[in-house]
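A.B. asks: Throw the hints in and build the complete structure from the sequences for me.
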Amino acid sequence: MKEITFILNNEKRSVQVEPSETLLEVLRDKMGLKSPKCGCDRGDCGACVVLLNGKSVRSCLVLAIETAGMEIMTLEGISAKNLNALQEAFIAFNSFQCGYCAPGIIITVTELLTKNPKPDLEEIKEVLSGNLCRCTGYKPIFDAILDVTGKEVK
Amino acid sequence: MSITNDFEYYCPSSLDETVKLLEQLGEQAALLAGGTDLIVNIKDDLESPSAVIDIKRVSELRGLDIDKDKLFIGAKTTFTDILDSSVIKDNYLLLWESARAVASVGIRNRATLVGNICSAVPCMDSAPALLCYDAIVHTVSKTGKRDIPINDWFIAPRKTARKADELVVGVTVPLPSQKNSGCYIKLGRYGGEDLAQAGLGILIRADLEYRIAFTAVGPIPIRAQKIEELLKGKEIDQDLLKQAKELVAEEISPITDIRSTREYREHICRVMFERGLIVCQQRMNGEIINTVRILGG
Chain A
1 MKEITFILNN EKRSVQVEPS ETLLEVLRDK MGLKSPKCGC DRGDCGACVV LLNGKSVRSC
61 LVLAIETAGM EIMTLEGISA KNLNALQEAF IAFNSFQCGY CAPGIIITVT ELLTKNPKPD
121 LEEIKEVLSG NLCRCTGYKP IFDAILDVTG KEVK
Chain B
155 MSITNDFEYY CPSSLDETVK LLEQLGEQAA LLAGGTDLIV NIKDDLESPS AVIDIKRVSE
215 LRGLDIDKDK LFIGAKTTFT DILDSSVIKD NYLLLWESAR AVASVGIRNR ATLVGNICSA
275 VPCMDSAPAL LCYDAIVHTV SKTGKRDIPI NDWFIAPRKT ARKADELVVG VTVPLPSQKN
335 SGCYIKLGRY GGEDLAQAGL GILIRADLEY RIAFTAVGPI PIRAQKIEEL LKGKEIDQDL
395 LKQAKELVAE EISPITDIRS TREYREHICR VMFERGLIVC QQRMNGEIIN TVRILGG
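Quick note, the sequences are listed as chains A and B, same order. Reading the first sequence from the start, the letters are residues 1 to 154 in the numbering used here. Reading the second sequence from the start, the letters are residues 155 to 451 in the numbering used here.
Don't take every hint at face value.
Keeping only pairs whose Cα atoms sit at most 20 Å apart, straight-line, the calculated EDC-like set for lysine to aspartate or glutamate is [claimed, not checked]: (1) A:Lys55 <-> B:Glu420; (2) A:Lys118 <-> B:Asp238; (3) A:Lys55 <-> B:Asp208; (4) A:Lys55 <-> A:Glu71; (5) A:Lys115 <-> B:Asp208.
Source of the hints: derived by calculation from the structure; they are not laboratory data.
C.D. replies: Next comes the structure, spelled out in structure tokens:
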């Protein structure tokens, strides 16, 4: 076991980790954060996406020990006080049903909107191509994002 | 699935320290950059290292370095770094398009190009571009430095010219000396994580030199030398194109696997080759062509 310290959701935290533990396991099992989900556990589905130093990463493919001194943001940190506009739009457009993919999608889109506040539909599709959703057919997800960016939803 | 293999984690801060660790640990050590291949391999028991050496904090290892006649892609350079570079998009379009074909944004934010060529899985996206640009791989070890032409780099599936005690510090990509255009075409079943069923990079120069490289259709990515020799110095007409397409099956050696059959791969490589050449010619004439939709996906 080794103690590492990182900034988790704007708060300095320390935790004991084994070198073989993934960031996803540590976040869920040791830090009590349940928004990152374990789907495929091999980087294909996007359910475990968190922001690491501002960039979306698959936390199932990151060793926790690598993240010493880094900034990690999960959905819990993004909506610490209130739901943000993107989350409100997801509710308004019924953009999730079972909800398993929603945290990963919202984190991925959060990064996109930081880089480009006015993405077009093609860019949104490209960015979300690595986030699998098996409930919605994606249309309500794209609609919610377009609505948040001020684009007309057709 | 938790990782069941126990390993020591090392996080050296200097090149010297890293080279020493590699010398001591040799084949028991796995190098970790983005980890998008390594962690999956450890989970799948394809690799069981007793030591993992994280190279992300090695101060001498660089990211991208752009010079006027060449590009240095350091071991820390992620595919996102490549995509974010307008110089690469403007001058090395084939490389830029290959980076865009890699998985999805959450992978590209971590995965490095050097890691991609060290993993050397046969369906890798970055190889055709490096082969077409005649890239050089730079390694360092206790016994010294080596510069290895990319053509000699890939040996077999998941096997490269890298020795166990060597660290790849980066790849140099020379800027073609002539006006040129290029494209990368990947056939997958869907966007996002899908691996290539077939991949093709083409670079054509104003002096009618053609460079063509295939990936995912053989044990290692390869340059199509017979086709390149046939086309060299010639403008392409229907007759020449037909002859070149007949050579495609001789250049590649695809297998039937979970993603596709051998016969389909041979067929689609001919289709991709023809469409890729057209795209390159159109781009040479200044047209903007989006290759993502070139196969109708």
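A.B. asks: Okay, which hints does this one fail, numbers in order?
C.D. replies: 1, 5
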